[in-house]
Amino acid sequence: MASTANGGGRSHNNIWSRLHDALSEAVNPQQRAAPAADRRTTEKVWRLMDKVVTLCQQPRMNLKNSPPFILDILPDTYSHLKLIATKNERRVQSPNEEEFFAAFLESLMRKCKETIKLFKDGKETLFEESSACRRNLNKLSLVFSHMLAELKALYPEGEYRGDTFRITKADAAEWWKSAFHDRIVVPWGQFLGQLSEKHEVGSSLEAAALKSTIDLTCSDCISIFEFDVFTRLFQPWPTLLKNWQVLAVTHPGYVAFLTYDEVKARLSKHVTKPGSYVFRLSCTRLGQWAIGYVTQERTILQTIPQNKSLCQALLDGAREGFYLYPDGRNISPDLTSTVNTDQEDHIQVTQEQYELYCEMGSTFQLCKICAERNKDIRLEPCGHLLCTPCMQSWQESEQGSPSCPFCRAEIKDTETVVVDPFRPERSSSTSPVSMEVNEDADLLVDIEENTNKPIAGYDSMHLNLPGLNSAVMNGIRVERSPVPTPEGSPMIDRRMQQTRGHGVTYSQNPPPVPPRRLSPMPSPQLAPRATASGR
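Residue numbering for the sequence shown follows our numbering, starting at -1 and increasing by one per position.
Take the hints with a grain of salt, since some may be wrong.
What the hints assert, rightly or not - EDC-like mimics (lysine to aspartate or glutamate), calculated; alpha carbons at most 20 Å apart, straight line: (1) K137 x D119; (2) K175 x E155; (3) K85 x D74; (4) K49 x E97; (5) K306 x E408; (6) K109 x E97; (7) K306 x D169.
Said to hold, decoys possible - Here are the computed distance ranges between Cβ atoms for each label pair: (8) E87 x Q349: 48 to 56 Å; (9) P419 x S266: 28 to 36 Å; (10) A177 x K267: 22 to 30 Å.
FYI, nobody ran anything at the bench for these hints, they're computed from the structure.
Note that CB positions come from ideal geometry on N, CA and C, so glycine has one too.
Whole structure, please, built from the sequences with the hints as guidance.
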């Protein structure tokens, strides 16, 4: 972002000036000349960001190009602010948007000043990778990274979407709506007061610890984005703060505001003790956990658990010998009380859904991708259902952030569910269905390795799922779901089949892209949750 060449300085300053003018017009669309205070604030932000980049570009800093890389983060922040200014040049801001944007710029300016002061006070020690000043710079890099993620979440492609931002967990979204209505950022004190009415917060020390966890941008405010990340990390909602206390307050394996490289350095002290591990918030996938551990070969890997909570991942890893010693210690907290399979959501199939799928020769609970297994996982926040193996295959085939194979909405989280079939003789009651806990181990690979590899039985066009073929062989009439499969979704391999002596020919060409439309039937109602364990 900042040019080190002598001839590039004037040109670079002109870019900052143009960005300042464009953003000032976006913030104040009714007048060409922004008020002096606003103009001074925006000018300070641009100049401070430029100065921070210049300081970090010193050759002696020798910053590693790994997340969070401040020399990428600040230029990306600059570019996104410029995009926002361009897209919103003539649009009047709503009060909620104006409240967030003003708080964001103020926080960005404070963090830049804090970084500049760190360079001024640290002097030569900042060039030492193991110094406390360098550690503080890494933390500030994480904060800048969180701020950029927040900005992109509320302004995707530069367009404001804070009013339609979806909190992943439905019960958490309902609480935010009832507490703060349409606001997207609230002061910490106000947030704490409302949260305390729902979840008990103990002493002032506990409140301070809670703030340090949820306030990812260190702005003394809580945004709807930060709240969404927090509730995904410490789900489920009924035991939110209990889970936070177990994982982030008392667990010796939790490390706050550490980067990928810092986790490797920390675990290198325990490289002779396989099974040592720590866990942290993923800085590249906010809302997910990253676990670093020492393997039996005395190498250090880091992995992001998929389709299970952190507590379940730690329990499974301990049973399999991967996660035994938190931060190298010989003690490990018992997390069994935090995992309660009785809390799984039960989805009751309605009579209308039952009759509709009977006409199609299928059932609502059958996964519509493989037509072989029952649905047992819900994508969030969109709510679509499929089976776990199909979900895993879809995640492995997707590049970047995975999206729903049906509606293409971003998959922020998943939740295990039980679909209770409709029973005509007892249509008014919900029959509990036994549910096996998925004990498949996470894919234990280094999260920085290239994972864009073809999976067995899968190519760019088809999932080879033989369940549908066996259904045809057995004489079952199989028809398409009323909701068309969108372009790019996993498709069933259609081949020539022989059934009852008649040749059935299926086209090998993919169907045309269908129009987007809502499902003809409403989503199934959730059965009441089972009572949470008091342990």
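Structure-based check of all given hints:
1. K137 x D119: The hint holds at about 16 Å.
2. K175 x E155: violated (25 Å)
3. K85 x D74: holds (16 Å)
4. K49 x E97: Given pair K49, E97 is violated - Cα atoms ~26 Å apart, limit 20 Å.
5. K306 x E408: It holds: about 17 Å lies between the C-alpha atoms, which stays within 20 Å.
6. K109 x E97: holds (19 Å)
7. K306 x D169: holds (19 Å)
8. E87 x Q349: 48 to 56 Å: Given range 48 to 56 Å: holds, Cβ gap about 53 Å.
9. P419 x S266: 28 to 36 Å: violated (52 Å)
10. A177 x K267: 22 to 30 Å: violated (44 Å)
In this structure, the hints that do not hold are numbers 2, 4, 9, 10, in rising order.
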